[in-house]
Amino acid sequence: MNDKSEFETNAAAFVDAFLKVKAEIGKVIVGQSRLVEDVLTALLSGGHVLLEGVPGIGKTLLVHTLADTLHCQFSRIQFTPDLMPSDIIGTRIVVEDEDGKKHFNFQKGPVFSQVLLADEINRATPKTQSALLEAMQEKSVTVSGDTMKLGPPFFVIATQNPLEMEGTYPLPEAQLDRFMFKLNVEAPSLDELVEVARRTTKREMPKASVALSEQEVLALMNVVRDVPIAGHLEVYAAGLIKATHPGYETATDLVNKYVKYGSSPRGLQAIILGAKVRALLDRRFNVAEEDLRAVATPALRHRLLLNFEGEAEEIPTDKIISEVLESAKAVAA
Amino acid sequence: MDTHSHKDTLKTALSGARRKMFAQSATVISARTALVALPVAALVIAIDQRWGGGGASLVVGAIAILTIIVSPLFLGLALLGTHFRSAVHIDDKASLKNRISSAWHFLDEGELDEPRRVQVKDAIHHATALNYEALFSRGLPGAASVLLPLVTAAFILSFLVPEYAPLEEVQAGTDLRSQYQLGELRLLEEAIEGDLEGAASEELEEVLEMLREMEEQFEEGEIEERDVMIQLARMDEEVARKMEDMGVQNLAGEVDSLAAPFMASAAGADVGAALKEGDFSKASQALKELSEKMGANELSPEEMAQLSENLEKAASEFEEQPDASTFKGDVKKAAEALKQPDPSMFDDAVQSMGKKLVTVEKLQNMKKLRDSLQMAKLNMGQAPEKGGEQGGEPTPSGFEQGKTEGGRGTGNSDSIGKGGLDAGKGKTGSAFGDASRLADSYRELLKIKGMMGKGPTETETEYGETEDADSEVSTKDIYAEYAAVAEQAIDREEIPLSHRFHVKRYFQAIKPVDEE
Chain U
8 MNDKSEFETN AAAFVDAFLK VKAEIGKVIV GQSRLVEDVL TALLSGGHVL LEGVPGIGKT
68 LLVHTLADTL HCQFSRIQFT PDLMPSDIIG TRIVVEDEDG KKHFNFQKGP VFSQVLLADE
128 INRATPKTQS ALLEAMQEKS VTVSGDTMKL GPPFFVIATQ NPLEMEGTYP LPEAQLDRFM
188 FKLNVEAPSL DELVEVARRT TKREMPKASV ALSEQEVLAL MNVVRDVPIA GHLEVYAAGL
248 IKATHPGYET ATDLVNKYVK YGSSPRGLQA IILGAKVRAL LDRRFNVAEE DLRAVATPAL
308 RHRLLLNFEG EAEEIPTDKI ISEVLESAKA VAA
Chain X
1173 MDTHSHKDTL KTALSGARRK MFAQSATVIS ARTALVALPV AALVIAIDQR WGGGGASLVV
1233 GAIAILTIIV SPLFLGLALL GTHFRSAVHI DDKASLKNRI SSAWHFLDEG ELDEPRRVQV
1293 KDAIHHATAL NYEALFSRGL PGAASVLLPL VTAAFILSFL VPEYAPLEEV QAGTDLRSQY
1353 QLGELRLLEE AIEGDLEGAA SEELEEVLEM LREMEEQFEE GEIEERDVMI QLARMDEEVA
1413 RKMEDMGVQN LAGEVDSLAA PFMASAAGAD VGAALKEGDF SKASQALKEL SEKMGANELS
1473 PEEMAQLSEN LEKAASEFEE QPDASTFKGD VKKAAEALKQ PDPSMFDDAV QSMGKKLVTV
1533 EKLQNMKKLR DSLQMAKLNM GQAPEKGGEQ GGEPTPSGFE QGKTEGGRGT GNSDSIGKGG
1593 LDAGKGKTGS AFGDASRLAD SYRELLKIKG MMGKGPTETE TEYGETEDAD SEVSTKDIYA
1653 EYAAVAEQAI DREEIPLSHR FHVKRYFQAI KPVDEE
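Just so you know, the sequences run in chain order U and X. Be aware that the first sequence starts at 8, since it is given in our numbering, and climbs by one per residue. Be aware that the second sequence starts at 1173, since it is given in our numbering, and climbs by one per residue.
Next comes chain U alone, as it looks inside the complex (with noise of 0.2 Å):
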């Protein structure tokens, strides 16, 4: 007799589905398993991704494989400085019906899909970057007066080159802080030089099955939101956040020196989201302390906006998060 609760059973499937998606986008992907684990947390917990890394180090196909492993529809944008608004959401163009008639009909853009690549976002002007923004945060996207929401999971991966490239523009505040996890895609290893070699230089591609259903991601979702977390757990989470934010009682030294502003809510919401991914990996029903410190960096990195002082001498947000997890007081008892 089978006592364990729905709970328990969700549970249970969420942990075998993640690691069967991860297990899938191994084929094709070489290494990089936390940043693989992160993405599919950012997925789960409803999030959008931001990755960033120099060109050529397998960002897109990362989405790509995603994309394959997903019963979901999917669409890419390749982001371009002469790239419009309407490029992305869509535009009404004039059409003639069957009794000859015209009228203005919405052609959706490729926003209208249920995994977005946004590859290069950084290569487009701020005002089609901003594009974005609605569909990001609302999961609808508004043309003319009409809202038209789009299909669950709506799930953007944006990856963009570092900022000190030529031909960037930096993303705008509003926009980075739609995105749940920035994560930072490293150069591989050597022997994950050596696999990536094997793997593409053959007659036949690795290719990644479908792994879950549309119903199945949403299904997911809803799991990792059920989980638990304990209202000390929460304070101490909040506390992070507030100790980003110079001034305040808990900032630390490099916080008051280097940061104009720190992290917003949604930094708040992507950690305890993120920890509540990682609790149930760990096969665990609370949410731990060290599950909030593990995803505090890649949910916080870009919701720091530094001073100028910050940005000419050009401190990593990574090493004021690290900062602020050292000296971050112990969940109170």
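Everything hinted at is true.
Each computed DSS-like pair below joins lysine-lysine, with the alpha-carbon atoms no more than 27 Å apart:
| id | chain 1 | residue 1 | chain 2 | residue 2 |
| --- | --- | --- | --- | --- |
| 1 | X | LYS1269 | U | LYS11 |
| 2 | U | LYS34 | U | LYS214 |
| 3 | U | LYS326 | X | LYS1269 |
| 4 | X | LYS1183 | X | LYS1265 |
| 5 | U | LYS249 | X | LYS1269 |
| 6 | X | LYS1179 | U | LYS11 |
| 7 | U | LYS267 | U | LYS326 |
| 8 | U | LYS27 | X | LYS1269 |
Honestly, the hints are just simulated from the structure, not real lab data. Since we're looking at a predicted model, the values are computed, not measured.
Based on the hints, put chain X in the right spot on chain U.
Chain X in isolation, oriented as in the chain U frame:
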């Protein structure tokens, strides 16, 4: 299972853990407290035992033990805190990743939804499966297990610290010279005390008091040898000044002349004998009895005539001096009174002589005091720098020698045969003094001005032609005696044979020629 039963189950599991936690934290706190309290208490107790008489030791020890017992109870309970706090501690200790604390939190919130119920069940499962005995072991932390026996031993041993017993003579105990000098001062005091027993004297009492005070200061190290010397010199000067003020120095010289006429007559034989002995009180009393005899007509005319004649002769020998400083007037008056005979007149003369004799006695005492002071000064100045070279510590025996052995022959050309206290009175003494005393074996003849010792001294050595020396004793007369004393000293002391030879050879060398 409802929320309450979940909570009871978790609470039961936590209670067992809390007992173990309390025991562990109490053990650690107790050990830490002991590591601080026991050494501090041991130090305080050791100090108390050593210098405080040990009266407070038990109280200090009891406070330390009470602190070690009580502080873990209070601090252990304070650290234990609430059940939630214990849950956080257990999570941390057992790496349960906030399972138990989260469950406690959910249970505190009230009704549980399904995910929370699942979580609580999971937490209870983990909480009951824990081995709290191993988790909260009561082993002592780190070096405490080594240090604790050591500090406990120190604490116990502190009660056995012996009480401090100060040395009575700090200075003399470490410095033979000071010890010797201190002995000289004590002997001087004893000598004066002996004199005081014979006859009360304000001057002697005053000097004795000053001496005692000075000796105490010297013993405590408050004053140095130089200060002692200065004070002795001042005392000597003060006594000399008082003697001079009395203005009766001549009386002392007339006493011997006065004794003869009384001795030569039957009636005054007692008076003469007392004067000869130097017992002036007795002489005064004998004069009084003589006067009473005359008043009672108990003296025969022949006796009175004989005494009168003798006294007249003596009076003629006395120099002309003021009445207060000579016996001449009194003697003449007594002779006249005996001739008449006039008992009343004789009584007046005798009473006057008695008073003068008392004054002479006082003068003699003061002179003796000066001799003592000077001798003490001399001996202190010649105290050995190092003791024990002759096989024993030097003994400050100078005064005893002077008193009982007839002096040690330190007299210069003005005072042959005199030395030490009561110099010249000894009947059987040796001019060598005590042969066992190093200082007596070599002595320069010095007339010292100022004082000896560390301070600036001025010495003057008087040299003179042999024929001009005041010594009236020929070498051959005393040679045998000196040689005999040297022989005795050599036999008495442990002197190497080679050195004995040198002494014998020395006496052979100085042997007077006509003896050979």
